[in-house]
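*Asks:* So the sequence lines, in the order shown, correspond to chains V and E.
Under the working numbering, the first residue of the first sequence carries the number 1, and numbering increases by one thereafter.
Under the working numbering, the first residue of the second sequence carries the number 1, and numbering increases by one thereafter.
I should point out that these hints are in silico values taken from the structure, not numbers from a laboratory.
Any given hint might turn out to be false.
Note: identical chains are not told apart, hence a pair may lie in one copy or across any two.
[Said to hold, decoys possible] With a straight-line cut-off of 20 Å between C-alpha atoms, the simulated SDA-like cross-links for lysine to any residue are:
id	residue 1	residue 2
1	LYS325	SER202
2	LYS313	GLU119
3	LYS313	GLY251
4	LYS260	ARG283
5	LYS275	ASP10
6	LYS313	ALA169
7	LYS275	GLN189
8	LYS325	GLY229
Here's the letter readout for the chains.
Protein chains: 2
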Amino acid sequence: MRAEIGEQPDVLARVLRREAPRARRIGALLRRRGAKLAVLAARGSSDPAAVVAKYHIEWSVGAPVALAAPSLVTLYGARLGLRDALVVGVSQSGRSPDVVEYLRMARRGGALAVAVTNEPGSPLARAADETLLCHAGRERSVAATKTFSAQVACLALLASAWADNARGAALGEGLAQAPARLRRILAAQACARAWAHRLAASERCVVLARGFAYPAALEAALKLKESAGLPCEGASAADYLHGPIAAAGPGLAALLFDPKGPGRPTMRRVAEQLKHAGADLIRADAEGWPEPLCGLPFAAQAQVAALELALLKGRNPDEPPRLRKVTTTW
Amino acid sequence: MRAEIGEQPDVLARVLRREAPRARRIGALLRRRGAKLAVLAARGSSDPAAVVAKYHIEWSVGAPVALAAPSLVTLYGARLGLRDALVVGVSQSGRSPDVVEYLRMARRGGALAVAVTNEPGSPLARAADETLLCHAGRERSVAATKTFSAQVACLALLASAWADNARGAALGEGLAQAPARLRRILAAQACARAWAHRLAASERCVVLARGFAYPAALEAALKLKESAGLPCEGASAADYLHGPIAAAGPGLAALLFDPKGPGRPTMRRVAEQLKHAGADLIRADAEGWPEPLCGLPFAAQAQVAALELALLKGRNPDEPPRLRKVTTTW
């Protein structure tokens, strides 16, 4: 897991170099077809990557984005009207049967079906019209790290190309800087190591964020659960204020992902209330990153924290209990 | 909270009687306009109600449904292309500023904007083209109970009317039986009381479900957090198998919502693994309910369990710490 976390700057650079032309082609195709919405199907760590893409596409393209509920298709026989849609299946292995079936249904229904996967010959890639590849090499740790950021990059390239406007260009420029910036984040892991010690002293954790940082909160919570076995929930700070904050108290660590943008007032408000409730507040920052891409540094720091916490707790971060690398659900 | 839980059969009956004509009119309008998708904006307990509607609409109408990320509109200035969309703002009070603003943006952009609220004169109702009302009377407990099921009923009426097909008719028939069925569930609260005792002996909880029961797992987790202060997460059993199950162990109570439909194999698989991990399994059922409406009895049983657990823990269920009835986020 440590090695794979460290590979991310190189993986990102490869994705940008090798997938940008294909993303541009798909973007042009979407504009020509007049695609009006996107639906993203994913499980596990691919799901937070898909949520990042929801934010990028809605912000830059202005097309509404839905997250798929695969069971409606695989279990209840729903057939969705997706003729005007981009439908993306996101899966590291390309072998999540429900995600593959969702993409097949969408393609049969006339959607442009795109696979984002690390495996070119996988069932997901074969079910798609177009494939964007993660170029991450084999990922051996059960917890996805380098493939998460590669998926984010593939999807951000796609959003940028589809948007073809100032916001899309800003996203593209931010992406071009991401490998070097991520290398600096990963070189300075002291901070995330300190988080691990504080998390080790906590019974449970909540990861809170707002706006573009929100999907990274979901991914961080997932990583802390799977790698380190820490009970942990990721949530929007706004949603958290609407109810879950009633369960806050001593023993709770709150990891706050605040990119210091327009969501700052909500983050401050939730931090004050959590402090008052006796939670241990851990503040992450993403200084120097354009806000739409702040999920990358936040998630990378959480990966390191989850790894270090697993080691502190005597768990093997590469092989969490009850998990395999490929989980098949229908 | 106990009184308001008990009012639900009457509230549901009022919604069905008084809102069905308006729902039919909106459904006909959506078909005439050729609406191709829906976007639902909600916070707090209204959010799980919106997720129920995602399942109902995708299943019966076949239109893809997105859940709104309000921050993109309120904080980052996104303007979404929603001309072909139904956009619904769901809010008990009708005063969640971000949900109101989302509906305004959608209406300006040409969407059919519908409010689902308990307050006819609220800002949300004023921002909408059409309003469906909860007829719940004043809700005094901070935790939403009767307004949750009323929102589910309003939205199910709308899905049924929009679909205008066999599935829509089945949804409508199930709804007509719901008040009487819910009365029977609420008369037999012994079961949910027994859950409360087991939950009191647990450090934390996960509520798992698949398919149509999934939104009720989100709502149950929210209720257990806000009313009873129990650390609790609601999740799809399929998503849970893709990672979070690694954090399961003794001290965890797992509340399983299994309507015994096509999601059964996933529920069995997750139950086996949780048992092996040492979790306390609590099984709820929704016998006699048509599966698309199983969220109503599951949520109602969870409301009773949350109330009883709050009382066991010496908490006032009507006034959870750090919460007010109306939470305003932007």
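*Asks:* None of the hints should be skipped; say for each whether it holds.
*Replies:* A quick look at each hint next to the structure:
1. LYS325 with SER202: neither (28 Å within a copy, 30 Å between copies)
2. LYS313 with GLU119: Intra 33 Å, inter 51 Å, cutoff 20 Å: neither.
3. LYS313 with GLY251: both (17 Å within a copy, 17 Å between copies)
4. LYS260 with ARG283: within (11 Å within a copy, 43 Å between copies)
5. LYS275 with ASP10: neither (39 Å within a copy, 42 Å between copies)
6. LYS313 with ALA169: Cα proximity of LYS313 and ALA169: none, with 44 Å in one copy and 54 Å across.
7. LYS275 with GLN189: neither (25 Å within a copy, 37 Å between copies)
8. LYS325 with GLY229: within (16 Å within a copy, 34 Å between copies)
Checked against the numbered hints above, the structure violates hints 1, 2, 5, 6, 7; every other hint is satisfied.
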